[in-house]
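**Q** Protein sequence lines correspond, in order, to chains A and B. According to the numbering used here, numbering within the first sequence proceeds without interruption in unit steps and concludes at 370. According to the numbering used here, numbering within the second sequence proceeds without interruption in unit steps and concludes at 370.
Treat the hints with care, as some may be off.
To be verified - A partial selection of chain B residues facing chain A, derived with a Cβ cut-off under 7 Å:
id : residue
1  : Ser-270
2  : Gly-305
3  : Leu-324
4  : Asp-336
5  : Asp-343
Just so you know, these hints were derived from the structure itself, not from any lab. Note that CB positions come from ideal geometry on N, CA and C, so glycine has one too.
So you can see what is in the structure, the chains are spelled out below.
There are 2 protein chains.
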Amino acid sequence: MSAVIGDPVTAIDSPALVVDLDAMERNLATMAAYARDRAVRLRPHAKTHKSAWIARRQMEHGAVGVCVQKTSEAEALADQGVSDLYISNEVIDPAKLARVAALAARVRLAIAVDSAQGVERLAAAMRATRAAIDVFVEIDVGHGRCGVAPADAADLARRIRDAGLRFAGLQAYHGRAQHLRGVEERSGAIEAAGAAVRAARAALDAQRIECALVTGAGSGSFVLEAASGLWGELQVGSYVFMDRDYADNESMPGAPRFDHALFVKSQVMSRHADRAVVDAGHKSHAIDSGLPRVWGRDDLEFANGGDEHGILRANRPGAPLPALGETVWLVPGHCDPTVNLHDTMVGVRGGLEQGVVERLIRVDARGALS
Amino acid sequence: MSAVIGDPVTAIDSPALVVDLDAMERNLATMAAYARDRAVRLRPHAKTHKSAWIARRQMEHGAVGVCVQKTSEAEALADQGVSDLYISNEVIDPAKLARVAALAARVRLAIAVDSAQGVERLAAAMRATRAAIDVFVEIDVGHGRCGVAPADAADLARRIRDAGLRFAGLQAYHGRAQHLRGVEERSGAIEAAGAAVRAARAALDAQRIECALVTGAGSGSFVLEAASGLWGELQVGSYVFMDRDYADNESMPGAPRFDHALFVKSQVMSRHADRAVVDAGHKSHAIDSGLPRVWGRDDLEFANGGDEHGILRANRPGAPLPALGETVWLVPGHCDPTVNLHDTMVGVRGGLEQGVVERLIRVDARGALS
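Bound-form chain A, shown alone (with noise of 0.2 Å):
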């Protein structure tokens, strides 16, 4: 185990990952508090966290429920108490709609669909049990991913009504306009996919089909959703821990401020002139966004040292080098798959320096990927 319930931060075990409780709190509230204002549901992701316990403090906070992408994931966090779920993502396989429809049975359950094949297949689970799901046409709206056309969303929802389940609204997620960094880049995305949700909604119109939501956004984006009128629900995951990459973006006007809630705790366990060499590396944290930041010194770039190593150098001439055995944060680049590293996640109340361990937070759904 890698921290202990009242310890001081100091006696952290390294490498960690470290939530400053004090800044995850003042995202939960600061974004519960944008959603309130603008009359937004709040559904953050929780593919981000992966914990029932935030899952359950975002709730308090107000959120409807929270989303997973996948079918284990969804299990986890019920399994752990978590009683309102939506499964923003598509599942084909019919022993996992098996377990999909089990699962309705003990949660209230949401799924998206983008295929015929797959509302047939999730309408053969569903009628072994007696329970309902919320079914979510997924529409391509720039990502270029998973989705029908906006044009094909009505037929979709005509097909789910055909085969006896609910038609709940419109999955509208654009996943690449978050790391866009500049904000005309992200506002034409998002533009681009408001349009893209007009012509589904269009469709739908036509056919007279209800379309009673439009849910989607992330973290980087969900000011330009949220003033479009268009989306009823937000889907924010990262701003509950903020990473390197989310602070590399262009500050959207209007965006409320999110602080870096998320860390990892590495060590100097080998020090030379010109370098300084941690115990983190990419088993540590996730890099397909980058390298992390060193917190708190601009004058140090991190360096790829491998999957365990880490290599710290100055980037001015003269920074002082961390010495052998000083502790040293990272900010993550990514944090979802950061997260998705670690087993337990140590909460620490009071700061980095001076801070307390006042819990041990289970990442129930690591390694959920099925």
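Start from chain A and add chain B according to the hints.
**A** Frame of chain A, contents of chain B only:
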């Protein structure tokens, strides 16, 4: 659980990490024969598989023990009966060194050092036990990460002895050399590493300190280290599974052939005219060494679809895309951090098409980072 023993491969839930046991056993036998023929010791690196069962299989094939990178990794394997472990890395934290000392009382243990402070702290920790530990001096042979300069090896070896510890030899591992594509580049890097080893040995000789063993080498270069006559022990890891990145290397003359034995089973869960989307993203496979390759389908290209998705497109005009629901086998770019994403590997006998689940291989040291 992603698989049941006795089930056909087709029944394995996706995504899942699957080991082709036939291929793995060929790899184990091939490397064991190679080391035996060259009369070098084999101490495979368990950071690749993190599994006590595979470590024991390697020892049954003549390995003297295994390497690990982290204290907690050593503890996890020792807990599962692996009795000879070398932490081929530095540990500087006193609390962690106390765990190292406790572990030395349970198994045959070795560790690397690269600083006087590291030696002092290790000695202090070991004084609390009556156990012994083998201490290797790590020298930097060109990687530019941990390790002292060759000329400083003798001073550190003397400190080890003066502190009442056992100097066991030199740790000389060139991680980056494994991934240099061309034979000439790799040969040049290992030649330079050999020169560093010779320099360190000369420094030891000058102080009349015996160097019993030089240990190092990885799956991309071990033929060179073995041929040099300088290295007495090989720390190869990836040969067990192989990955896309090693397969991309130009093959070393005289090198034995290893087969891909590690795969991610994925499934198409969204299908479009221009792309098939599978349910495996970089929460299922590490992408630090690039994206996975689609096994048996050179005409398909895997594009990054984010944490939970992969996007397949045709490489050549007219290449058929897999259908909705179809299984797609992926060869991960880098096996070590891919294994670390999974709690279990599904061991299959009889191939990926007709095979049967023979064994669930627990990744005992998954997430053992500290």
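**Q** If you test the structure against every hint from before, which numbers come out violated?
**A** The structure conflicts with no hint, since it agrees with every one listed earlier.
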